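Undergrad: One letter stands for each residue in the lines below.
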Amino acid sequence: MLEVIADSVAVEDSALSMTDVCASLGGTEILHQIHLAIVAGAWTSIVGPNGAGKSSLLKVLAGLLGHQGKLALFGKALETIPRRLRAQQMSWLGQSENSGEDMSAWDVVMLGRLPHQAWLASPSAADHQAVEQALRRTQPWQWRSRSIGQLSGGERQRVLLARALAVDAQVILMDEPLANLDPPHQADWLLLVRDLIAQGKTVVSVLHEISFALQAQHMLIVDQGKVLHCGASQDETTHRMLEAVFEHRIQIHTVQGQWIALPK
Amino acid sequence: MSSGDLIIEVGSQNEDRRAKELSANGSPRSVQSRRVWRFGIALIFLSGALVLLGVGVGSTGWESLTTMWEHSLAMQIVWDIRLPRTVGAWLAGALLGLSGAVAQGLFRNPLADPYLLGSASGAALGVSAALALFGVSPFATAWLVRLGLTGAAFVGAVSAVLLTLLLARGVQHTLRLLLAGVIVGVVLGAVGSLLTMLRPDIVQAMQAFMLGSTGFIGWSACAVMVVVLALCVLASVMLSHALDGLSLGEATAASLGLPLPQMRAALVVVIALSAGTAVAQAGLIVFVGLAAPHLVRSVVKTTHASLIVLASLMGAVLLTSADILSRWLIAPQELPVGVLTAILGGGYLLRLMHSQRRYENGGGL
Numbered sequence: 000m001l002e003v004i005a006d007s008v009a010v011e012d013s014a015l016s017m018t019d020v021c022a023s024l025g026g027t028e029i030l031h032q033i034h035l036a037i038v039a040g041a042w043t044s045i046v047g048p049n050g051a052g053k054s055s056l057l058k059v060l061a062g063l064l065g066h067q068g069k070l071a072l073f074g075k076a077l078e079t080i081p082r083r084l085r086a087q088q089m090s091w092l093g094q095s096e097n098s099g100e101d102m103s104a105w106d107v108v109m110l111g112r113l114p115h116q117a118w119l120a121s122p123s124a125a126d127h128q129a130v131e132q133a134l135r136r137t138q139p140w141q142w143r144s145r146s147i148g149q150l151s152g153g154e155r156q157r158v159l160l161a162r163a164l165a166v167d168a169q170v171i172l173m174d175e176p177l178a179n180l181d182p183p184h185q186a187d188w189l190l191l192v193r194d195l196i197a198q199g200k201t202v203v204s205v206l207h208e209i210s211f212a213l214q215a216q217h218m219l220i221v222d223q224g225k226v227l228h229c230g231a232s233q234d235e236t237t238h239r240m241l242e243a244v245f246e247h248r249i250q251i252h253t254v255q256g257q258w259i260a261l262p263k
Numbered sequence: 000m001s002s003g004d005l006i007i008e009v010g011s012q013n014e015d016r017r018a019k020e021l022s023a024n025g026s027p028r029s030v031q032s033r034r035v036w037r038f039g040i041a042l043i044f045l046s047g048a049l050v051l052l053g054v055g056v057g058s059t060g061w062e063s064l065t066t067m068w069e070h071s072l073a074m075q076i077v078w079d080i081r082l083p084r085t086v087g088a089w090l091a092g093a094l095l096g097l098s099g100a101v102a103q104g105l106f107r108n109p110l111a112d113p114y115l116l117g118s119a120s121g122a123a124l125g126v127s128a129a130l131a132l133f134g135v136s137p138f139a140t141a142w143l144v145r146l147g148l149t150g151a152a153f154v155g156a157v158s159a160v161l162l163t164l165l166l167a168r169g170v171q172h173t174l175r176l177l178l179a180g181v182i183v184g185v186v187l188g189a190v191g192s193l194l195t196m197l198r199p200d201i202v203q204a205m206q207a208f209m210l211g212s213t214g215f216i217g218w219s220a221c222a223v224m225v226v227v228l229a230l231c232v233l234a235s236v237m238l239s240h241a242l243d244g245l246s247l248g249e250a251t252a253a254s255l256g257l258p259l260p261q262m263r264a265a266l267v268v269v270i271a272l273s274a275g276t277a278v279a280q281a282g283l284i285v286f287v288g289l290a291a292p293h294l295v296r297s298v299v300k301t302t303h304a305s306l307i308v309l310a311s312l313m314g315a316v317l318l319t320s321a322d323i324l325s326r327w328l329i330a331p332q333e334l335p336v337g338v339l340t341a342i343l344g345g346g347y348l349l350r351l352m353h354s355q356r357r358y359e360n361g362g363g364l
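Residue numbers (numbering that gives the first Met the number 0), protein chains in the order written: chain A, 0 to 263; chain B, 0 to 364.
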C-alpha cells in the first residue's frame, strides 16, 4: 500500500492522511491498518461494495470515529488541532442522518457557520452572506423559510449540502451526496464539486454511482476494511481493480470521452 | 434579489407571507423571529390573565379579591393561598415545559418527556417511603409533612436520575440512557407500589401525590422554583446550539466542533433539576412536559433557543389553566390537577395529531 501512496502523493503534501489506522465498531475491527493520503486541491472518490467500510473510513478521516493510528490534516496531527479550528477546516455531509425536522432550511444552513461564531454570539454579516451564497448555490434559496420536515428527500439533501458548504472549509467530506437527487441535480452537484476544486478545495466523497466516481481525479477502492487500490480514475489499472472489486458484474466503458460503468 | 426569484415566489402558495419575507432584506429570520416574539408575548399576556383569574377563583370567589384591601381575611386568602398556588402552578408548568423541550431535543424523540430519566417513579418512591416512615399522623401539621414530602420527592427524583446515569454508564449513549430510564422507572415504580400496598394507611396520600396538586405550594416553594427555572432557562438557552446540531445527527453535530459530551451532561442536569423540582412541589403532573413543546411547534417552527423559552411559557399556561379549571369545575371541591392536564394536554395533542400532515406515516416522528 505504501508504494501506492509514493507514486500518488507524499504524506506531507496531502490534505488528509492516515498512517496505520485501525477502527472498531461494536467490538469488531472494521478498518485494518490503513495507509492513505488524500491529495490536496483535488477530488477523491471512495468506492467499494456494500459493507466495505467506506463510510467508516470517511468518518475516521473526519475524526468522527474512534481509531488507533495516526491521522493528519495538512500534515498536522488531527488530535492536536483544537476542535473549533478542525471544524473550520473540515466540513462533513453525512448519510441519512436526522435533519432537524422543525428547523427552517435557513436555520439548518446557518448551523454550518457555528465553527466561525463565538459561543452565544449572533450571526455576523459574513455568516449571513455565506449562508445566502450556499443556499443559492444548491438552489434551496427559494424555500429557505420552509421547515425541513416539509421538504422532499432531494430538496432536503440539497439543504444539507448547502449546510456543508456554508462551513467554507478547505476540506469537504461527503458520504453519498447524490442520495435522493434527481439527474439534473446530480449533474449540478458535479459542477459544484468541480467549482470547489477550481477554488482549491479538497473534496472526498463516498459514492455508489460509479460513473460519477470516475469523474473524480483520484479513486480509493475499499473492500473488507482495507484500501485495495488508490490511483487516478483515468488509469487502466484502476478500472480493472474496480471491475474486480465488484466481482466483474460491471464493466468500464468510454462514451463521448467520459468513463462510465455499465452492468454486465 | 433577482427578478427570477420574485417570479418564482409569486407563484408559490403563500404569496402573501412570501412577499413579506422577501421584503425583509432577504432573510427569513426576521419574519420568523417576529412570529416567535409575537407568540411569546401572547403567552405572557395569557399568563397574566390566567394568574388574575386564578387569584379570583376559590371557595369565596371574586369577593375575596374585591374586598382584599378592607378585610384582612380576604387579603390572607388571596395573598397566602390563591396567589402562591397560582404562581406556583405557572412555575411548575414552566419547569415541565422546559424540561420536556430539552428532553425531546436531547433524545431526538418527540415522545420524550421530563420523567424519561426515572424522576417520576423516583419521586413517587421517595414520597411513599417518607409517608411509610413518618406516617400520615393527624397531629403533624400539614405544612410540616408537606415540607418533608417535598424534600423526599426531590431526593427521590434526583437519585433515580443518578441511578439511570449509573446504569447507562454515563450520558454519551442516548439509547442506553433511554432504556436505563425505562428500567429505573419500572423497577422503582414497582417498589413504590409495593410499599404503598404494605401500608394501606398511606394509599390516599400517595394517590393525591400521584395525581398532582398545586394546593400546597407556598411562597417559599415559589422562590425555589423561580431560582431553578431561571438557572435552567439560562443554561438550556446557552446550550441550545448543541440541540440544534444534534437534530442534524450525532456526526454532523460533532463535525461542527461542538463539545458534545460536556454539553450533553449539562443538558441532562437541566432535565433532572427542572423535572425534579416541579415534581417535588406539585406532584406527578403528566402530559404538560410532553405536550408543551408540541403545541409550540404547531404554531411556530424555530430553533431550540426560542423553542425552549416558548415551551416553558406554554407549559406554564397549560398548567395554570388546568389548575384554575380543577378548582372551578366542581367548586367548592377540587379535582386533582393532574387529571385535567391529562385531559387538556391529551385532547389538544390528539387534535393536533389528526390535523397535521407531519404526524402521518411516521415521517414527522
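For the record, the hints were derived by calculation from the structure and aren't laboratory data. It cannot be assumed that every hint is accurate.
[Unchecked claim] Restraint ranges, calculated between C-beta atoms of paired labels, are given here:
1) Arg193/A <-> Ala265/B: 40 to 48 Å
2) Leu51/B <-> Gly25/A: 52 to 60 Å
3) Asn179/A <-> Gly345/B: 33 to 41 Å
4) Gln171/B <-> Gly199/A: 33 to 41 Å
[To be verified] Stretch by stretch, here's where chain B covers chain A in the computed footprint (C-beta under 8 Å, at least three residues):
5) 19–29
6) 55–65
Source: prediction; values computed, not measured. Cβ atoms here follow ideal geometry from the backbone N, Cα and C, with glycine treated the same way.
Undergrad: Just pull the numbers of the violated hints for me, sorted ascending.
TA: Going through the list in order, the structure violates hint 5 alone and respects the others.
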